[in-house]
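J.: Single-letter residue listing:
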Amino acid sequence: MDGNWALTRKRPRLEQRARIVQMIRAFFNAREYLEVETPQRLPGNAPEAHIDAMTSADWFLHTSPELCMKRLLAAGYEKLFQICHCWRDGERGKRHLPEFTMLEWYAIDCDYRRLMDECEILLRALAPQDNIVYQGETIDLSGPFERLTVAEAFDRYASLGLATALETNRFDELLTLEVEPLLGRDRPTFLIEYPSELAALARCHPERPQVAERFELYVAGIELANAFSELTDPTEQRRRFDADEAERRAAGKPPYPVPDKFLTELAAMPEAAGIALGLDRLVMLLTDATTIDEVVTFTPELL
Amino acid sequence: MLSTSDLRKGTKLMIDGEPHVIAQFDFSKPGKGQALYKCKLRNMITGALFDRTYRSGESFEPAALHESDMQYLYQDESGYVFMDQKTYEQTTLPEEALGDQKYFLVDNMEVKILMFGERGIGITLPNFVNLRVTQSEPWVKGDTAAGNNKPATVESGYTLQVPSFVEEGTLIQIDTRTGEYVTRVKE
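Read top to bottom, the protein sequences are chains R and X. Numbers 1 to 303, taken from the working numbering, label the letters of the first sequence in order. Numbers 304 to 490, taken from the working numbering, label the letters of the second sequence in order.
These are computed hints drawn from the structure, not numbers from a lab. Bear in mind the structure is a predicted one, so any value in this text is a computation, not a measurement. Heads up, the beta-carbon is just placed ideally off N, CA and C, and yes, glycines get one too. A couple of the hints might just be wrong.
[Said to hold, decoys possible] Only pairs whose alpha carbons sit at most 25 Å apart, straight line, appear in this in silico BS3-like list of lysine-lysine: (1) Lys10/R with Lys94/R; (2) Lys415/X with Lys312/X; (3) Lys94/R with Lys453/X; (4) Lys405/X with Lys415/X; (5) Lys94/R with Lys335/X; (6) Lys261/R with Lys79/R; (7) Lys389/X with Lys94/R; (8) Lys253/R with Lys341/X; (9) Lys312/X with Lys341/X; (10) Lys405/X with Lys341/X; (11) Lys261/R with Lys335/X; (12) Lys343/X with Lys315/X; (13) Lys94/R with Lys405/X; (14) Lys253/R with Lys335/X; (15) Lys335/X with Lys315/X; (16) Lys315/X with Lys405/X; (17) Lys94/R with Lys343/X.
[Unchecked claim] Facing chain R, from chain X, some residues (calculated, C-beta under 10 Å): (18) Ala326; (19) Lys335; (20) Gln337; (21) Lys343; (22) Ser359; (23) Phe363; (24) Pro365; (25) Ala366; (26) Lys453; (27) Thr456; (28) Phe468.
Model the full structure from these sequences, guided by the hints.
T.: Printed below as a string of structure tokens:
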């Protein structure tokens, strides 16, 4: 009966989780976002060097609903949101599950700055007070969240500057071990202006092409969301996919088919911004849970 | 060879020619970045603990260890002496390799000794052992509530929590994996 007892004990958090999901739906419905469901099984994902998809028969489980949601934008939809499961192979830790829940939303005529504003409003709408108490620390949500460029964050918190970290291929390591734990401790932090090498599917800044219009949101040292002013140039996007695909092959990873339909339709996509937010981690923060295991019904180990 | 995806708590690997076990393990990864595997490693010979972070793509040599069935003989100044039940060769484990497990050794007990080459570096005990209570406060009259605990010391010197009805001289069963009381043993 021990296993059942462990499940029973999760009930208060699962009830809070259900309320949070309902509030998220209400938030986006009130702001006239259309809730969509896109297929979770795809012929291929966006090639990303460090995100590994799981196969399903001869297709792949999606690692994010990004490509399909952007194809809807290209078809004329203006504001979309989706709450769905995503799969990423080999990701398991205190804050990682190989199957997790993502909240993604996209809006046309929007950029990453306006998305930051919307994130602030969303977090304030979901927290019962104007602060979150997480693991004994109080995080103030009442004022503007901190906006810190990646370069500033490395200067302030890392043992190497950003340029050196990139040259020595130590960016991820220093970000994870030295920078991230210190972000969003008193108030949430938007880590902004990623170097253009790490733009992924983000557009580069029009005046400063060395940085991308990408941000990540951190609360209490936890990475909560990743957002872009979306790149709408299919040629540039194809070049980045090819580079990532080459990096995947060099690392001995299975190849992904090039998402040709997405690249073709991207030409018709208007200026837009989009964001992916880890829903399980959001629930961790709002329910003061130390591990992701506490906010989901079953972990893979229990199946 | 092992890859980073094989790393977890309890994985045993060779580092600089000596076996190490992962005592603590944490996976972390920036959303679009490279995975990091933060490990607290214990040198299985010296017991030394240290931190090391690995990145995806690294590979590891598994620790070359084997287990032998042995019998516990006695303790002397060099440590705890065991005899291989097939070859009759003797192995001595230092006290620090046993930790609290030393309290659960009974003469002639059959155990599994983890061997690194010719050298014993660890022990697997039977899951349960019977030991006699040598010291415990007497039962307090009126204390009838179920689940009430009190400390008791057993013949090996180990102290644990037992139900209040357990008296001095009682033989009790202890789970060697948790060190906790299981039941009274009928004699």
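J.: Now tell me, hint by hint, if it's right for this structure.
T.: Hints, one by one, checked against the model:
no. : hint                   : in the structure
1   : Lys10/R with Lys94/R   : 16 Å, holds
2   : Lys415/X with Lys312/X : 21 Å, holds
3   : Lys94/R with Lys453/X  : 36 Å, violated
4   : Lys405/X with Lys415/X : 14 Å, holds
5   : Lys94/R with Lys335/X  : 17 Å, holds
6   : Lys261/R with Lys79/R  : 21 Å, holds
7   : Lys389/X with Lys94/R  : 45 Å, violated
8   : Lys253/R with Lys341/X : 22 Å, holds
9   : Lys312/X with Lys341/X : 11 Å, holds
10  : Lys405/X with Lys341/X : 31 Å, violated
11  : Lys261/R with Lys335/X : 23 Å, holds
12  : Lys343/X with Lys315/X : 12 Å, holds
13  : Lys94/R with Lys405/X  : 33 Å, violated
14  : Lys253/R with Lys335/X : 16 Å, holds
15  : Lys335/X with Lys315/X : 30 Å, violated
16  : Lys315/X with Lys405/X : 23 Å, holds
17  : Lys94/R with Lys343/X  : 15 Å, holds
18  : Ala326                 : 16 Å, violated
19  : Lys335                 : 6 Å, holds
20  : Gln337                 : 4 Å, holds
21  : Lys343                 : 14 Å, violated
22  : Ser359                 : 8 Å, holds
23  : Phe363                 : 16 Å, violated
24  : Pro365                 : 19 Å, violated
25  : Ala366                 : 23 Å, violated
26  : Lys453                 : 26 Å, violated
27  : Thr456                 : 29 Å, violated
28  : Phe468                 : 25 Å, violated
Of the numbered hints listed earlier, those contradicted by the structure are 3, 7, 10, 13, 15, 18, 21, 23, 24, 25, 26, 27 and 28.
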